[in-house]
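Engineer: One-letter residues, chain by chain:
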Amino acid sequence: MLVLAFAASGPLLIVLAYSFLRAGEYGGVVWTFSTDAWFNVVFHRDIFDETVTLAGAHMIILWRSVKLSFFTMLTTLVIGFPTAYFISTRPRKTRSLWLFLMTVPFWTNLLIRTFAILEVIRNEGLINTALLLFGIINEPIQMLYTDFAIMVGMTYVFLPLMVLPLYASMERLDFNLVEAAYDLYATRYQVLRRVIIPMAKPGIIAGSILVFIPSLGAFVTPRVLGGGKKMMLGNLIELQFGAGRNWPLGAALSITLLALVMIALLIYVRTTQHHSENSR
Amino acid sequence: MTAFKNKRTPFSLKKQPGFGFIAILCFVMLYAPIITLIVFSFNAGKQISLWEGFSLQWYVSAWHNQAVQDAALRSLVLAVQASIYSTILATMAALGTTRTRPFPGLTTIYMMINQPLMVPEIVTAVALLSLFAMIKMATGYQGLIYLILAHTAFCIPFAYLPIRARLEGVDLMLETAAADLYAPPWKAFCRVTLPLLWPGIIAGAMLAFVISLDDVVITEFIKSSGQETLPTYMLGQLRRVISPEINAISSVLVSLSILVVSLFFFIDKKFGK
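Residue numbers (our numbering), protein chains in the order written: chain V, 1 to 280; chain F, 1 to 273.
Derived from the structure by calculation, the hints contain no laboratory data.
Computed from a predicted model, the values in this text were never measured in an experiment.
We put the beta carbon where it would ideally sit given N, CA and C, even for glycine.
A couple of the hints might just be wrong.
[What the hints assert, rightly or not] So the derived label-pair ranges between C-beta atoms look like this:
(1) 195(F) with 245(V): 50 to 58 Å
(2) 97(V) with 29(F): 14 to 22 Å
(3) 132(V) with 54(F): 20 to 28 Å
(4) 29(F) with 60(V): 28 to 36 Å
(5) 263(V) with 29(F): 28 to 36 Å
Sequences are here, hints too, so could you generate the full structure?
Structural biologist: Structure, rendered in structure tokens:
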């Protein structure tokens with residue numbers, strides 16, 4: 001057990017320690033204490049005149065990560081909610097088949113799924129070829145290497161993570177309550193908004209968290225679909241550990257990412273506690 | 001009035017307008033790209049989006065590509081080892097967490113086992129990289145062992161969950177009965193618990209295998225030079241002009257994953273209840 005404990009938390013502590021060290025000249029670290037890395041996360045020191053400005057590039061990437069993760073979460077929710085509802089209202093026999101169909105893409109390689117999306121949206125890809133063929137557009141629409149492409153990719157890749165917890169909470173939905181609502185002359189929309197959504201709330205929250213966290217740390221999808229230009233936090237970290245040779249900065253960025261995730265988890269715990277108190 | 005009523009389909013409690021349509025669209029969306037990918041792996045031409053007739057040439061050329069062969073072999077070796085080790089560890093962890101009385105710190109241990117599921121993969125990758133860099137520096141050893149260790153570590157939770165689920169379904173009475181019949185603990189374990197646990201263990205090992213085979217991020221970070229696995233090889237290729245060979249490799253990997261997951265579901269269905 002002690003071994004397990006060390007294996008789990010040890011490396012993270014090293015990262016924390018690294019973020020307070022100085023960068024070695026050829027990668028790695030020099031064992032002297034410094035807060036330079038943390039300073040560099042937020043600020044940018046000009047090499048020539050030592051003026052200090054906000055590190056715009058880092059802020060843009062950070063903001064893009066949060067923004068895209070949020071929109072990915074929303075899109076998966078909008079698509080995933082009806083889908084989960086659809087699966088949970090199927091007859092018991094076919095339900096497991098639908099569920100199986102939802103899980104299969106989840107277990108296939110993330111890289112391959114991203115690559116499949118790349119094939120569809122690139123300039124010579126399926127969508128553009130089809131649109132050109134039907135004469136709707138004259139020039140291919142540039143979709144690859146944009147924020148939009150990253151979002152589409154992440155939505156595609158993380159969709160099952162939204163549908164599965166939603167399904168889990170909808171499976172237990174009590175349709176007597178729905179019937180009662182209809183008996184009281186509720187419209188379909190009112191039933192959806194006032195009965196079904198509140199009952200599926202734990203699933204909605206769990207699904208949102210499950211999509212938001214991996215989106216925030218996404219690395220493969222933005223790298224393939226965003227090219228080198230549209231980076232997210234994961235790519236920035238990789239850059240510091242790879243070509244950038246600034247391990248402490250990379251470590252500091254990793255801790256920042258971890259902190260963001262922890263905040264998201266904390267919100268999750270808070271809302272679920274709040275929710276269970278309310279329902280009592 | 002009655003005529004009007006008869007025209008309508010019977011009132012369905014569960015229906016919501018447009019939901020079925022979105023759901024079907026969602027499934028189509030989910031499968032269309034993968035199916036396109038597989039279809040074009042049989043394309044005769046070099047163009048990825050222009051159909052020029054059926055051919056297996058990309059499978060043949062991928063098969064004869066030395067780099068692909070090496071990477072595929074390495075991936076397999078890695079996945080087999082990682083799934084075996086992580087399943088053994090996960091089984092021990094599952095036994096330790098369900099067959100003992102609840103003790104303080106149990107929640108902490110749950111959290112630690114599931115930690116790779118919570119922490120973003122990239123942070124785990126960076127953490128392992130830092131640790132292994134230190135060890136590499138100290139020992140100078142650059143083998144495959146680091147990748148095996150890392151893969152074992154992040155496969156544990158995936159192996160752990162089905163095993164624990166299975167273990168919770170096994171009746172404790174059976175073990176007690178064995179003990180009552182004077183079976184020493186290890187014998188009770190080998191003859192009673194283990195056979196009952198097999199489906200869970202197999203399922204866990206299969207999930208671990210798929211997870212290890214699919215991993216990109218962690219492998220990309222901690223591999224030493226020349227230790228490409230199939231996914232990292234593909235990631236490298238995606239930066240260049242994409243050859244339909246990649247489609248062929250992807251199709252094979254997708255089929256393999258689907259096969260293993262189908263088997264997993266089959267085992268789960270047969271023994272799960």
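Engineer: For every hint, state whether the structure bears it out.
Structural biologist: Here's how the hints hold up against the structure:
Against the hinted window of 50 to 58 Å, the Cβ-Cβ separation of residue 195(F) and residue 245(V) comes to about 54 Å, which satisfies the hint. At about 18 Å, the CB distance of residue 97(V) to residue 29(F) agrees with the hint of 14 to 22 Å. In this structure, residue 132(V) and residue 54(F) meet the distance hint of 20 to 28 Å, their C-beta atoms being roughly 24 Å apart. Evaluation of the 28 to 36 Å hint for residue 29(F) and residue 60(V) yields a pass: the beta carbon distance comes to about 30 Å.
Restraint check, residue 263(V) to residue 29(F): a C-beta distance of roughly 31 Å satisfies the suggested window 28 to 36 Å.
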